[in-house]
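Visitor: Going down the list, the sequences are from chains A and B. 1 is the number of the first residue of the first sequence in the numbering used here; add one for each residue after it. 129 is the number of the first residue of the second sequence in the numbering used here; add one for each residue after it.
Simulated from the structure, these hints should not be mistaken for lab results.
Simulated crosslink set (SDA-like; lysine to any residue; CA at most 25 angstroms straight-line):
id, chain 1, residue 1, chain 2, residue 2
1, A, Lys127, B, His159
2, B, Lys235, B, Glu274
3, B, Lys409, A, Thr84
4, B, Lys409, A, Ile87
5, B, Lys409, A, Arg86
6, B, Lys409, A, Ser78
Not close to chain A: a few residues of chain B, all C-beta gaps over 10 angstroms, as computed:
id, residue
7, Thr177
8, Phe191
9, Ser211
10, Asn275
11, Asp315
12, His458
13, Glu476
14, Pro481
15, Leu497
16, His499
Cβ atoms here follow ideal geometry from the backbone N, Cα and C, with glycine treated the same way.
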Amino acid sequence: MQAEMQAMSRRLLSIVLVCCVFWGEARAALPQIVAKLDGPVSATVNQFYELPLKVSDANGVGLPGLNLQIRGRMPEHSHGLPTTPRISEKGEGRYLIEGVSFSMPGRWVIEILLDNKLLLRQELTVKF
Amino acid sequence: MARILTAGCALAFILLIFLLPSDHFHTGIAHAEWSADDLATLRHLRLSTDALAEKNKTNELLFRADAIALGRQLFHDTGLSGSGQISCASCHRPEAGYQDTEFITYKLDPQTAHRAPGILGAALQDWFFWDGRADSLWSQALAVIENPKELASDRVRAVRHLCAQYKKDFPALLKNCRGLSAARGEDIDRMFVTLGKSIAAFEAAELLPPVSRFDRYVDALDAGNYAEAAALLNDKEVAGLKLFLDPMVGCVNCHNGPMFTGSGFFAVATDMPGQLEHDRKRGVELLLDSEFNCLKWSTAADCPKLQYLLTDSAETAGAYKVPSLRNLRHAPFFMHDGRYRSLEAVIEHYRSPATLPLRHIDIRPAPLLPHQRKQLLAFLEVLGSGDFNKEQQ
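Bound-form chain B, shown alone (with noise of 0.2 angstroms):
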C-alpha cells in the first residue's frame, strides 16, 4: 500500500513537473546561466532616463533649471485648485511614493471611473491617462487643472494666479504676464501651456523611480559579478523573475521597457458591461477634441503618434494602458478601477481572468500553481524596492 502511494505521488510529482511553465523548477541561485537573450531583456528592463528628451520632445522647458523649480513650487500649490484647498501633491503624495493613499480622488468623486496612479517616471511614458487621453506630461496637467472632478479651476484663474504668485521669481520664464490684463485668449492659452510645461518639467527632473534592487541585480549581472547578484535577489525572487519572463506567462509582453510599461493599450479583461466610455475607445476621441494634443501645437513631423493614432479598431474597446510596475509599494489598489486591494488579487486575476463572451481580449490564463505565484509576487516587491523619500536624501 505504502509503495503504491509512493509511486503514485512520484508519478504526480513527474507530471506536475512537466505541467510548469518551462525552466523554472530549477531555480537554485543561477545567476551565471541567464541565456543572451534573457539578458538583453533584462538590460531593456533596468531603469535608464536616456529617453526623457525624446518622450518630452514637444517640452522645450525640459531641463531648464527655472522651469524645474517653478513645477516644483506650482506641483505643490494649492492656489491652482478652485476650491484653493487641493494641490497635484493632495492626489500625488510625495511621502508616499506619489500615490493617492488618502483616497482623495474617490473623495472628490465617489463614482470616479479611475484611479490615481503613482506617477514616478511618468516624464517615460508615451500616453498619460488610463485612456491615454493625453499625448504629453504637460498637455497632461492642464487637463487636471480644467477638470471639475480634480483641480477644478480654469486656465483664466490659473494663468492670473500664476503671474501674481510668480511673475518675480521667475521673470524670463513669465515675461508675458506683463500684458496679462489685455492678452486675449490664444495669449492666455499659450501661458497656460508654459505652465503646463514647467510642471512636466519638474516631473521630468524630479519625479523619477528609485533605483531597485532588480535594477542593481542587472548591473551585478552585467558585471560578471555573480556573488553580488546572489546576495541582491535571493532564489525566490529570482524565480519570480523567470516567470515575468515566461512566453507561457507573458507579462513581459505588455509591461516592458524601463518602466515596465511598454505604453501600448491592451485589454486583460478589467472592464465591465456598461463601462465602455473609460477606455482605450473614449480616450482617443477625448485626445483628438483635446485643444492641447500635439498636432495643436507642434509640427506633425514631432507627432507621430497622434499622426498615425489608432482610430479605427475594435481592439480598443475595453482597453486601458499598460500600468509601470515600478513604484507600486504604496499603491492602495490596482487596475483602472482600483479592482483590486492587493498584488496578490492582481496575480490571480491573470491566472483567471474573467472573460466577456464576444469581447475581444489580449490575455490568456496564466499558468500559476500557488508557490509560483508567491514567486511572482516576490519579484513584483522587488520593482517596488527602494524608499523614494530616503534615496533621495
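Chain A with its partners taken away, still in its complex shape (with noise of 0.2 angstroms):
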C-alpha cells in the first residue's frame, strides 16, 4: 500500500535545498540547524507530491523527533495549499511529506516551519 502510494504520488526531480537558519531562541541548545528539502522545482497542477525533508545539527547529525509544520501559499494569490499534507518521520532526523498538491498554475512559496518558526523556505513553479 505504501509502495503503491508512494508511485502514485513520485514525480521528483530531486533538486537540492541547503538552508542554513540561525534559529533564534534555542541558538544555545541548537547553534544552526540544516535542513533539506527534496523536492521538485517545478511541479504540475492537482498531483499529489511528496517531499523527503532532512532536518540535521550543523555537524551533519540528523535530528529526530521535531514539531514541524508545512505551509504553502501563492504569493501574487492569496490563497494556501488545497490539501492537508502530513509530516511523518523516517527516522535519523529525515522526515516524509506527504499529500502535497497545487490548485493553480504559477509561484508557489513553500515552507517548512519548526514549533512554528520558519526554518525554511523553498519557492517553485507550477505549470500545467
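Relying on the hints, combine the two individually framed chains into one complex.
Guide: Given below as C-alpha cells:
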C-alpha cells in the first residue's frame, strides 16, 4: 500500500536545497539547523507530491522528533495549499511530507516550520 | 480647435492601448504566433478523456458494457424516485445538454441553494456538487436518490426496484438480488453501491462533452494548419481566448484542464451573508459524514483527496467548486445559486465583483473594456459549440 502510494505521488526532479537558518531562542541548544528538502523545482497542477526532508545540526547529525509543520502559499494570490499535507518521521532526522498538491499554476512558496518558526523556504513554479 | 481635438483623441487612444491587458490589441489572425507556453496551455485545455480511469479509480464497473447499459436505463428510470414521477433525466435533460432547462429543481424546492449544473464530462471531475460533498461520481448518484429534495427515495426501495426491474437482464451484475429477502443492511448498501457505480459507468462512457470548435482549433494549430485554424476561430474569438489566458484577467488560473475546471474550490464573491452553509466549508463536513465517501469503501491509498483533505482553513468559507465552462450553451442561468441569467452578466461580475468586508476572496477585478467583454463572451460561446445530440448520432 505504501509502495502504491509512493508510486502514485512521486514525480521528483530532486534538486537539493540547503538552507541554514539560525534559530533565535534556542540558539544555545541548537546553534545551527540544516534542513534539506528534496523536492521538485517545478510541479504540475492537481498532482500529489511527496517531499523528503532532512533536518540535521551543524555537524550533520540528524535531528529526530522535531515538531515540524508545512505551509504553502502563492505570493501573488491570497490562498494556500488546497490540501492538508502530513509529515511523518523516517528516522535519523529524515522526514517525509505527503499530500502536497497545487491548485493553481504560477509561483508557489513552501515553508517548513519548526515549532511554528520558519526553518526553510523554497520556491517552485507550478505549470499545467 | 479641430487639431486639438484630434491630438487629444490620439493621446487618449495611446493611453487606452497602455491600459489594456498586454498583448491583445492586435489580434489580426496571428494563429502562427502563439508562444510555446501558450501552445502548451492550449493543449492542456483540449478535450481529452485520458483521465477517466484515474478519476474513477474506485469504480470497478467503469467501462463494463453491462454496467453502462444498466446505468443508461437507470438514468431514465422514474422508478428510482419516491414519487415515481422523475428521473435523473428530468433535471439533466438529454435534449438540452443535460441542463435543467425546465427548472425542475426549483419547482421541487423553491428555496434550493444550488442550481443543477449540466453534467456532460462530470466523470472527468474530482469533486461533485457545488460544495464538493461527494468525492466520486458513483457516491454522487446515491446522494441524489436519498435526497428528499431530489429523487426522494431511500436505498431499500431503490435496491428492491433495481432487483425487481433489472435482475433478469443483468444477471452478472445483480446476482446478489437472489438473497434480497434475507439481505441485511450492509448487503443492501453493497447493492446500492452497485447501482451508483452503474450510473457512473454510463455517465463516464456516454455523457461526455462534444468536441468544440476550440478543440478543433488546437488540433489545427498542432498540425501547423493555420488556414484551417483561421476558418475555425474568427478574430474576435481568438481575442477572447487570449484574454482568457491573460494573467491580468486570470480566468485560466481556475478554469483549466480539459473541462475548463481545475476542480478547485475558490471564493469569487458569490456568497451572501447568511448563506455560508452551502459553501465548501459545509461541503467538507458533509463529505466526512457521508457513508459513501472513499475512505469507507476503498483502501486509504486510493483516497488521497480525503486523506489530505483541507479541513481547517478559513479559505473554504464562501468557496465553491470551479464549474466547467464547456456545455454552457443551454444553461438557463449561472453560478451555484443561478443568480445570473446570461454569460454577459457573469463577465460583468468578474469585472467588478462585489466583495464583502473581511472575507477571504480569490479574485481581483478583471480589467475588461466593453469590446473585450464581447470578445471573452465570444470565446465562451465557442466552448459551448457542438450540438450534443447531433454529434452523437
